[in-house]
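S.K.: Each chain, written out:
2 protein chains.
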Amino acid sequence: MTARELHLNVNILHSGFSPAAWRMDGSDPRASFDINHYINIAKTAERGTFDAIFLADQAAISDRVDFRPLTSLEPTIVLATVAAHTDRIGLIATASTTYNEPYNIARRFATLDHASNGRIGWNIVTSADLPQSRNFGLTKPVEHSQRYQRAAEFVDIVKALWDSWEDDAFIGDVSTGQFVDVSKVHPIAHNGPHFSVHGPHNIPRPPQGHPVLIQAGGSDDGRELAARHAEAVFSASQSFEEALDYARDLKSRAARLGRSPDGLLVLAGLATIIGSTEEEAKRRQEELWELIPLEYSLTRLSGVLQIDRERLKLDEPLPVDIPLPPDGGHTFFKATLAFARRGNLTVRQLIRALNGSTGHRTIVGTPEAIADDIEAWFRAGAADGFNLMPDVLPSGFDVFVDHVVPILRRRGLFRSHYEGRTLREHLGLARPANPYSTAAAE
Amino acid sequence: MTARELHLNVNILHSGFSPAAWRMDGSDPRASFDINHYINIAKTAERGTFDAIFLADQAAISDRVDFRPLTSLEPTIVLATVAAHTDRIGLIATASTTYNEPYNIARRFATLDHASNGRIGWNIVTSADLPQSRNFGLTKPVEHSQRYQRAAEFVDIVKALWDSWEDDAFIGDVSTGQFVDVSKVHPIAHNGPHFSVHGPHNIPRPPQGHPVLIQAGGSDDGRELAARHAEAVFSASQSFEEALDYARDLKSRAARLGRSPDGLLVLAGLATIIGSTEEEAKRRQEELWELIPLEYSLTRLSGVLQIDRERLKLDEPLPVDIPLPPDGGHTFFKATLAFARRGNLTVRQLIRALNGSTGHRTIVGTPEAIADDIEAWFRAGAADGFNLMPDVLPSGFDVFVDHVVPILRRRGLFRSHYEGRTLREHLGLARPANPYSTAAAE
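Going line by line, the protein sequences match chains A and S.
Per the UniProt record's numbering, the first sequence starts with residue 1, numbered consecutively.
Per the UniProt record's numbering, the second sequence starts with residue 1, numbered consecutively.
Be a bit skeptical, because a hint or two may be false.
In this list, chains with the same sequence are indistinguishable; a pair is considered to hold if it fits within one copy or across any two.
Stated by the list, open to error - Taking lysine to aspartate or glutamate pairs in the DMTMM-like style, the calculated list, with each CA pair at most 20 angstroms apart, reads:
#1 K184 - D63
#2 K282 - D373
#3 K313 - D156
Bear in mind the hints are in silico, worked out from the structure with no lab data behind them.
These figures come from a predicted structure and were not determined experimentally.
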């Protein structure tokens, strides 16, 4: 058995997780719309021997774009461009199972995997929000369990399409004129409650067999989907204990489905604000805070709590009668409410304490302090790695790669060069066997 | 008024239009699955100052992949990668309005346009065939007029999304904290028979305003869609007279809709087999023919005629009772049947005469002869340019760029360097005004 390896992934959340990131010195306000921004960060990630870069997605405009950058450019197109400018870094794109067709998603990710020589991952999301639903013919989001049923069937189909070509189906024998061995290309003939897809795929099996499957479900349905299909999960635990519980729960669910726990990695969300001293880090945090318009924070808080913006009075506590929102977003909702009530904070104090947070754990400190935290979580099994969210891009990520990564390397926690070429190899995940070839070999 | 300019586009049809292209000396059998194949041809096209490269598409496996390459890798992903390796060449991808959602297509092409600095075109297709329909939950293709109604509404929505950000909506003022001027970002609130899309788009207006819209409709519905929306059409005329009629019909339809005929370019399909002498070209044609398995040709002919393969006897004429196929493919069906009946050909003779044809006009000859043909069609207005289909890729295209292009340049027909940077500029098409800005200016 080889030693467990730390995995690092960077979330390119437009200009950084801080809503004011685009206003900082060294930031380009137009960065989130500029393909070179993504290319440059990917190159830095490659220099830092990261496992992958990651792009979230939303097929709708965000709230309050008057104040902050938005999820915008389509991730699979961005990553195809980034692939051409890089050599080793893994590339993870988000795509929704609710607003796409499985044949199209299978093709796009298979094409990306061929074009990048096996560096692609798919972050599977089910899209809970209203704005997206209204861009796809609906007046409200698809109900939670329906979304997850559709997602499970969707992923089954995509895997079956990727497997519909055996690995050695392509022949290309110039002398005989045989191009493909059609006995090794199989229709999938899927007929399910949400989809009918005949197949076969029109692309040879991807270099990785399957692009790596990633998920981020916190709900019970989400955990079941992750336990069944995911090879890595993005988690959003606020505390060490919560993270440890989550990792154990997920791995035991996977084990119950007959999967090895080594085949399912937990990557914990980690927002960072780094300074060369703790004071410098705190000053940077303060500077970022000062640049966030109060109006933006109020809108965001009313969105999380799903109450009318007018009900929030800056110098009073939260209203007492805030109902549980009907669907989605419960985790962050509950955490925010509990936090405010525990400290009996005014709205102004609460906003300050949340500090433009993304709902992910934030560490403010020196490279050493951040490396200590990463090491502690990793060694205890609260995480197999981290999905990093730098405060500001590129500056906050440059500092991580130049000052935190060397510490992790010195401690023997993190690679100093790539051993493998594919994302699957970086993550230590096995290449899935093709079910037809396996059957034939038995 | 500036002089009319010849436009040249190359169709990267996997290994070339000849079914045996992949077996020729200098071909790589694996080329159609290799991203470098597309990159290399795009670079050659750029060296030849072509307007664009073009990728057809089909979201299903082709017939008889045992004998020949297939439409495989997804075009928007391929072109995003090609964009990163090129600087000026236009990039045209096919996408279907029948098996996609307008919000997703608007985003992918807008992202491509941003990532390529304005070099993208969208070839709009409606997907008539059975194999694709069976990958998207259907048991037969959507009926012709339904497809075109959906397509027209689809394109209206995509344009409205691209226009939903005024050109100057992005502000990015670090000092005031204003990121976007939200008064210049507009919901589209579309409610139609096929789609409801609220919008606005989540991407600033593309560099070209709209990526260039291309269509290939030969039917009455197809011509109407082209006259209404297309800025270039790919035509498939077999003769000069047919081409002239088609061009005149299309431009008068556009004029009736109030559009300038200069805003709608006709690019005629042109397959080429080139030799340094006519004899050499004919030998190359013969060589390609010898490499096509007879079984492949019989299957293809039975497919075009939509009759059972077993009914074709090699040394007898076609059966007399071949019915008109129920939907789609009539043009090529009729031409093939008329051709066979006129010459009273046996099946063997017919297959030989069709010569692995794609349904497009083929010229076999010297660079001089091909340049003469191009000049004659262009000067008479039978075409504004050509959608080139080399017999073999890359070899047949290298010869065109190295030997035909210089002749066209010497004759003053074709550019020797790029004047513009965007596909729209190469094609001499105006950048569409934004309807909101136009309204405000009035």
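S.K.: Run every hint past the structure and note whether it holds.
M.R.: Here is how each hint holds up against the structure:
Taking the shortest alpha-carbon separations for K184 and D63, only the inter-copy value of 15 angstroms comes in at or below 20 angstroms, while the best intra-copy value is 49 angstroms. In this assembly of identical chains, the alpha carbons of K282 and D373 lie at most 20 angstroms apart only when taken from the same copy (17 angstroms versus 73 angstroms across copies). Taking CA atoms no more than 20 angstroms apart as the test, K313 paired with D156 passes in neither setting, with 49 angstroms inside one copy and 44 angstroms between copies.
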